[in-house]
Amino acid sequence: MRHIISILMENEAGALSRVAGLFSARGYNIESLTVAPTEDESLSRMTLVTTGTDEVIEQITKQLNKLIDVVKLMDMHEGPHIEREMMLIKVRAAGATREEVKRLADIFRGRIIDVSDTIYTIEVTGTSEKLDAFVGAITQTDIIEVVRSGVTGIARGERALHV
Amino acid sequence: MPDIRAFFLVIGFAVTRETKQVELTGAEIFVRSLVEQGIDYVFGYPGGAVLPIYDALYQQDELEHVLVRHEQAATHAADGYARSTGRPGVVLVTSGPGATNAVTGIATAYMDSIPMVVFTGQVPTALIGNDAFQEVDSVGITRPCVKHNFLVKDVNDLAVTIRKAFYVAMTGRPGPVVVDIPKDVAAARAEFHYPKRISMRSYSPVTKGHPRQIKKAIDLMLTAKRPMLYTGGGVILANASSQLTELTKLLGYPLTNTLMGLGAFPATHKQNLGMLGMHGTYEANMGMHHCDVLIAIGARFDDRVTGNIDKFCPTASVIHVDIDPASISKNVKVDVPIVGPVDQVLKEMLKVLKESKQKPDAAAQKAWWKQIEEWRAMDCLKYDRDSELIKPQYVLETLYDVTGGKAFVTSDVGQHQMWAAQFYKFDKPNRWINSGGLGTMGFGLPAAMGVQIAHPKETVACITGEGSIQMCIQELSTCKQYGLPLKVINLNNGCLGMVRQWQQFFYDGRYAMSYMESLPDFVKLAEAYGHVGMQITKPEDVEPALKEAFGMKDRLVFMDFLTDKKENVYPMIPAGAGQNEMILV
Ligand SMILES: Cc1ncc(C[n+]2csc(CCOP(=O)(O)OP(=O)(O)O)c2C)c(N)n1
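Line by line, the protein sequences are chains A and B.
First residue of the first sequence? That's 1 in my numbering, and the numbers climb one at a time after it.
First residue of the second sequence? That's 1 in my numbering, and the numbers climb one at a time after it.
Where hints are given, some of them may not hold.
[Unchecked claim] In silico BS3-like pairs for lysine-lysine, Cα to Cα no more than 30 Å straight-line:
1. A:Lys66 <-> B:Lys249
2. A:Lys66 <-> B:Lys565
3. A:Lys72 <-> B:Lys196
4. A:Lys62 <-> B:Lys333
5. B:Lys382 <-> B:Lys480
6. A:Lys66 <-> B:Lys270
7. B:Lys215 <-> A:Lys72
8. A:Lys66 <-> B:Lys215
9. A:Lys62 <-> B:Lys208
10. B:Lys249 <-> B:Lys382
11. B:Lys311 <-> B:Lys225
12. A:Lys62 <-> B:Lys347
13. B:Lys359 <-> B:Lys216
14. B:Lys225 <-> A:Lys72
15. B:Lys347 <-> B:Lys249
16. B:Lys333 <-> B:Lys382
17. B:Lys347 <-> B:Lys208
18. B:Lys480 <-> A:Lys66
19. B:Lys270 <-> B:Lys357
20. B:Lys382 <-> B:Lys357
21. B:Lys359 <-> A:Lys72
22. A:Lys62 <-> B:Lys565
23. B:Lys215 <-> B:Lys347
24. B:Lys270 <-> B:Lys196
25. B:Lys359 <-> A:Lys66
26. B:Lys225 <-> A:Lys62
27. A:Lys72 <-> B:Lys208
28. B:Lys249 <-> A:Lys72
29. A:Lys62 <-> B:Lys216
30. B:Lys457 <-> B:Lys553
31. B:Lys215 <-> A:Lys62
32. A:Lys66 <-> B:Lys357
33. B:Lys208 <-> B:Lys354
[Stated by the list, open to error] Simulated DEER-style distance windows between Cβ atoms:
34. B:Arg304 <-> A:Thr38: 42 to 48 Å
35. A:Ala36 <-> B:Asp219: 34 to 40 Å
36. A:Ser17 <-> B:Tyr515: 41 to 47 Å
37. A:Asn65 <-> B:Asp219: 26 to 32 Å
38. B:His269 <-> A:Thr38: 37 to 43 Å
39. A:Thr38 <-> B:Ala126: 42 to 48 Å
40. B:Ala126 <-> A:Ala96: 56 to 62 Å
It is worth saying that the hints were derived from the structure and are not from the lab.
Here the structure is a predicted model, which is why all the values come from computation and not from measurement.
Yeah, the Cβ is synthetic: ideal placement off N, Cα and C, and Gly gets one too.
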């Protein structure tokens, strides 16, 4: 199953490579990985999407917890949560397709953030599935470039990951 | 992605008490910190990047530096020191090749969870990343085989980083920690504060097992009809041998040790069925296979122990005590997990057990022991005692007798290692020193140096083969320099025996590169290094030679035993087989 794991770690040199190294050394999947400092400069927050059986996910969380730089982590799937990913997509939009692309962007609540005679650049935010669906809806040959941020997530309600 | 290096801040620990303030160089801070930490020996080898540190070492007399002949040996020696004392081993090497040479020893310590702090010199901070002379990314290279590592970029962080390094190395599940010190950091000055205690918000090892789980475990143990205690190196690392011994005797249950756990419970005690696993005893492996309650303590269900995991302990409920939660249910699903320090958990278990009204099922135990004695009667370690050739097993049995079972024994890797584990009966912990997890040939001799340095009055034997000993043979020179009276027991079968055994069994006798041609004359070699050499070729000479060698209290004696080239290690669980599918002699 797919899991989103959020990690608070010391904002130290090499912290990211410890996580990446752990995944490659132990043969775990990483579907996406995002990292940035938090409001507390000494901490970074990493969001990692991985897949595996329950046993594998249990090992992953245990092994992550063993990393000395990891302060705390949370498997988002232990409770209700919100996941978001942002995509910037550059699409050929000339002639007849121009209107069609605009309409699709509207349907997906995307925003056109850059325009030229023949091109729209659109920002779409949502779950990974929604972004997949948007990419699927655009004619493949019209897609020039896709940039995705990787998934981030946050628990609903009182549940929170903080020190 | 933002550059998280930009936020290189030493945050996340709290200094609770400070020592007095003095301005010192980084190199002096290094020395002072080790002294404050209670370190007495550093095993190392100098080079450009650590010259400031060696200069500081030269000008003091509280720390003793042991000069090895290869950095791999420095790490193994520190490791042997740590395994035989329970105190952390300390290593100092230079940047680049010094650091890479140390990697094998770091990985060896990592696999066996040995507390060790390795200081590597680094090129000056301004040159890091420039492919400078003797630069390697030591932190990057060692990352997968350390518990943690640090690059110290500011001399003001040095003392606290050293404190953290020892804290991390020694607590929780121990392991090696690398501290990379650039040359300019060693030369720069700062005030010296060595924190007495330290806490890190990102690292807080468990200090107690969960009482409810402990109670549950005891209840399950007491209902067992066919119980089995399976204990590993974790018991020795936790210094919990006395608690384990008391618990085992109180329960009256059979016990087996892993290769790493030998000595945690007396080998000569009748409840001890010997080692389990690939070359374990028939009774231990059969006991495992047929048990209904498995009590695993400080052991990690390694593949050399379990054999085919699908066939492992098919009828057992499993209790597992371990300091490392990641070891629990990693390979084998556990019914009663207990995360905690083994000594603490065993103390609690003893308390609960003593208070419990329930007692082990006596009738069931009687039947179980009857079955075990039948397995034991197979005498799975038997060998040809009438051979005209020296049997390696005979050398080890005689070694045991001649040393009264009291020696510290280190080993290299191969058949000789397995025979040593089978035939030298360890009644005490910390005396059997071998590379179990990584299986590092070359470990034995330098590890023995570390043991002898830590225990100058004790008898230290290194059991090796003519293959392994040549991987760190240069250390005979170190032994001479420091007057280490080791006894090297070279079981010379003229081949890489363990490799040859596998080729015989599984590759139809195609002995690819498992022979040893052009062996040195070990007697002359020992003499060239300033030691005593002996060659023993006949079984009847084995005992007198051992007696003579062990009588030479102040000399290193290299004993070259020419043993039966065809002898194999039995019993054996072949790859893919279950513990009940052993090959017997
Ligand atoms: C550094 C290293 N290289 C290779 C091996 C693989 N290996 C395991 S046992 C063995 C043979 C050891 O030969 P020897 O030291 O003569 O001991 P014997 O098995 O003959 O007792 C080898 C090559 C190893 N364990 N370590």
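Verification of the hints:
no.: 1; hint: A:Lys66 <-> B:Lys249; verdict: 34 Å, violated
no.: 2; hint: A:Lys66 <-> B:Lys565; verdict: 45 Å, violated
no.: 3; hint: A:Lys72 <-> B:Lys196; verdict: 26 Å, holds
no.: 4; hint: A:Lys62 <-> B:Lys333; verdict: 15 Å, holds
no.: 5; hint: B:Lys382 <-> B:Lys480; verdict: 38 Å, violated
no.: 6; hint: A:Lys66 <-> B:Lys270; verdict: 38 Å, violated
no.: 7; hint: B:Lys215 <-> A:Lys72; verdict: 29 Å, holds
no.: 8; hint: A:Lys66 <-> B:Lys215; verdict: 27 Å, holds
no.: 9; hint: A:Lys62 <-> B:Lys208; verdict: 18 Å, holds
no.: 10; hint: B:Lys249 <-> B:Lys382; verdict: 27 Å, holds
no.: 11; hint: B:Lys311 <-> B:Lys225; verdict: 20 Å, holds
no.: 12; hint: A:Lys62 <-> B:Lys347; verdict: 26 Å, holds
no.: 13; hint: B:Lys359 <-> B:Lys216; verdict: 15 Å, holds
no.: 14; hint: B:Lys225 <-> A:Lys72; verdict: 42 Å, violated
no.: 15; hint: B:Lys347 <-> B:Lys249; verdict: 14 Å, holds
no.: 16; hint: B:Lys333 <-> B:Lys382; verdict: 35 Å, violated
no.: 17; hint: B:Lys347 <-> B:Lys208; verdict: 10 Å, holds
no.: 18; hint: B:Lys480 <-> A:Lys66; verdict: 42 Å, violated
no.: 19; hint: B:Lys270 <-> B:Lys357; verdict: 26 Å, holds
no.: 20; hint: B:Lys382 <-> B:Lys357; verdict: 42 Å, violated
no.: 21; hint: B:Lys359 <-> A:Lys72; verdict: 42 Å, violated
no.: 22; hint: A:Lys62 <-> B:Lys565; verdict: 46 Å, violated
no.: 23; hint: B:Lys215 <-> B:Lys347; verdict: 12 Å, holds
no.: 24; hint: B:Lys270 <-> B:Lys196; verdict: 45 Å, violated
no.: 25; hint: B:Lys359 <-> A:Lys66; verdict: 38 Å, violated
no.: 26; hint: B:Lys225 <-> A:Lys62; verdict: 33 Å, violated
no.: 27; hint: A:Lys72 <-> B:Lys208; verdict: 20 Å, holds
no.: 28; hint: B:Lys249 <-> A:Lys72; verdict: 41 Å, violated
no.: 29; hint: A:Lys62 <-> B:Lys216; verdict: 23 Å, holds
no.: 30; hint: B:Lys457 <-> B:Lys553; verdict: 9 Å, holds
no.: 31; hint: B:Lys215 <-> A:Lys62; verdict: 24 Å, holds
no.: 32; hint: A:Lys66 <-> B:Lys357; verdict: 39 Å, violated
no.: 33; hint: B:Lys208 <-> B:Lys354; verdict: 19 Å, holds
no.: 34; hint: B:Arg304 <-> A:Thr38: 42 to 48 Å; verdict: 43 Å, holds
no.: 35; hint: A:Ala36 <-> B:Asp219: 34 to 40 Å; verdict: 49 Å, violated
no.: 36; hint: A:Ser17 <-> B:Tyr515: 41 to 47 Å; verdict: 43 Å, holds
no.: 37; hint: A:Asn65 <-> B:Asp219: 26 to 32 Å; verdict: 29 Å, holds
no.: 38; hint: B:His269 <-> A:Thr38: 37 to 43 Å; verdict: 55 Å, violated
no.: 39; hint: A:Thr38 <-> B:Ala126: 42 to 48 Å; verdict: 31 Å, violated
no.: 40; hint: B:Ala126 <-> A:Ala96: 56 to 62 Å; verdict: 60 Å, holds
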